[in-house]
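Going down the list, the sequences are from chains A and B.
Residues 1035 to 1146 in the numbering used here are what the first sequence spells out, letter by letter.
Residues 958 to 1071 in the numbering used here are what the second sequence spells out, letter by letter.
Because the hints were derived from the structure by calculation, they are not lab data.
One or more hints might be untrue.
Unchecked claim - The calculated DSS-like cross-link candidates involving lysine-lysine, where the alpha carbons are at most 25 angstroms apart (straight line), are:
1. A:Lys1091 <-> B:Lys1058
2. B:Lys1026 <-> A:Lys1091
3. A:Lys1091 <-> A:Lys1045
4. B:Lys960 <-> A:Lys1099
5. A:Lys1099 <-> A:Lys1052
6. A:Lys1045 <-> A:Lys1099
What the hints assert, rightly or not - Footprint (simulated), chain A over chain B, 3 or more residues, beta carbon under 8 angstroms:
7. 1001 to 1007
8. 1058 to 1064
Because the structure is a prediction, the values reported are computed rather than measured.
The beta-carbon is built from N, C-alpha and C at its ideal position, and this holds for glycine as well.
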Amino acid sequence: EAAVTQSPRSKVAVTGGKVTLSCHQTNNHDYMYWYRQDTGHGLRLIHYSYVADSTEKGDIPDGYKASRPSQENFSLILELASLSQTAVYFCASSDWGEDTQYFGPGTRLLVL
Amino acid sequence: DAKTTQPDSMESTEGETVHLPCSHATISGNEYIYWYRQVPLQGPEYVTHGLQQNTTNSMAFLAIASDRKSSTLILPHVSLRDAAVYHCILRVGLGTGGNNKLTFGQGTVLSVIP
C-alpha cells in the first residue's frame, strides 16, 4: 500500500526562525507535492516536483522553498517563518500517468 | 479545473446507503471526476474517480450522469468511519499540461449517527 510519511508531525516555531518540513514516500512515485491547509479551508499547492533535483512553484510559493534531493524525499523550507504560515502542511505523491494522489498525515505548524 | 457544487452537509445513520451529489455543469470533455475524503486531523484520502462510465471499488460507487453535468458518490452501508468531508473535484488528466494539483473546495460534511 502507498506510504507517505511526514516529519515532524507538529512543530512550534518562532517568527523569523527557519523551519524544515520533511516528506518521505515509499511508493516509487515521480510526483511529490506540498500543500497547506488553513482551518476550515481547502488545500493550496505550494511547490511540487516531478523529478529529483528539480522543483516547481505552485500557487502560493512566496515564503517557501522546496528541495527534492532524491525520488523518495521532498522537503519544504521556511527560511523566515511568519505568523501567517501557521497551518497544516500536507505532502502527497503520485505516479506519472496516474492522477491519484496519496497524502501523508500532515504536519501542524504553529508560528509564534 | 472547472467548478463543482456540493451540499454543505448531509447526515446519515449507520448501515444506510448515502448518496452524495455533485454538480459540475461546465465540465470539459477531458476532465475526470475525482472524489477524495478527509477526516479531521488526517490527510485527504482518495475514494474514486471516473470519466464517463459509472465506476465501483471497495469504498464506493460513482454514478455519472449521461451528460456528465452531475455525479453522485454512493456509499453503501456507511459506518462511523465514513464520517468525513467529501470533496468532488474535476481534474484534467496527466499529459494535458498543468501541474496536476488538487484544488479542494469546502466539500460536503457527512455526519454518521450510530
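Status of each hint after checking the structure:
1. In summary, the hint linking Lys1091 of chain A to Lys1058 of chain B is supported, as the alpha carbons are separated by about 11 angstroms, within the 25 angstroms threshold.
2. With a CA separation close to 32 angstroms, the supplied pair Lys1026 of chain B and Lys1091 of chain A exceeds the 25 angstroms bound.
3. Pair hint Lys1091 of chain A plus Lys1045 of chain A holds up; C-alpha atoms about 24 angstroms apart against a cutoff of 25 angstroms.
4. Taking the CA atoms of Lys960 of chain B and Lys1099 of chain A, the gap is about 29 angstroms. The hint is violated against a cut of 25 angstroms.
5. For the suggested pair Lys1099 of chain A and Lys1052 of chain A, the alpha carbons sit about 11 angstroms apart, so the restraint of at most 25 angstroms is met.
6. In summary, the hint linking Lys1045 of chain A to Lys1099 of chain A is supported, as the alpha carbons are separated by about 18 angstroms, within the 25 angstroms threshold.
7. Only when three residues or more bring their CB closer than 8 angstroms to a CB of chain A does the claim for the region 1001 to 1007 of chain B stand; here the count is 4, and the claim holds.
8. As drawn, the region 1058 to 1064 of chain B meets chain A at 7 residues by the rule of a beta-carbon pair under 8 angstroms; at three or more, the given contact holds.
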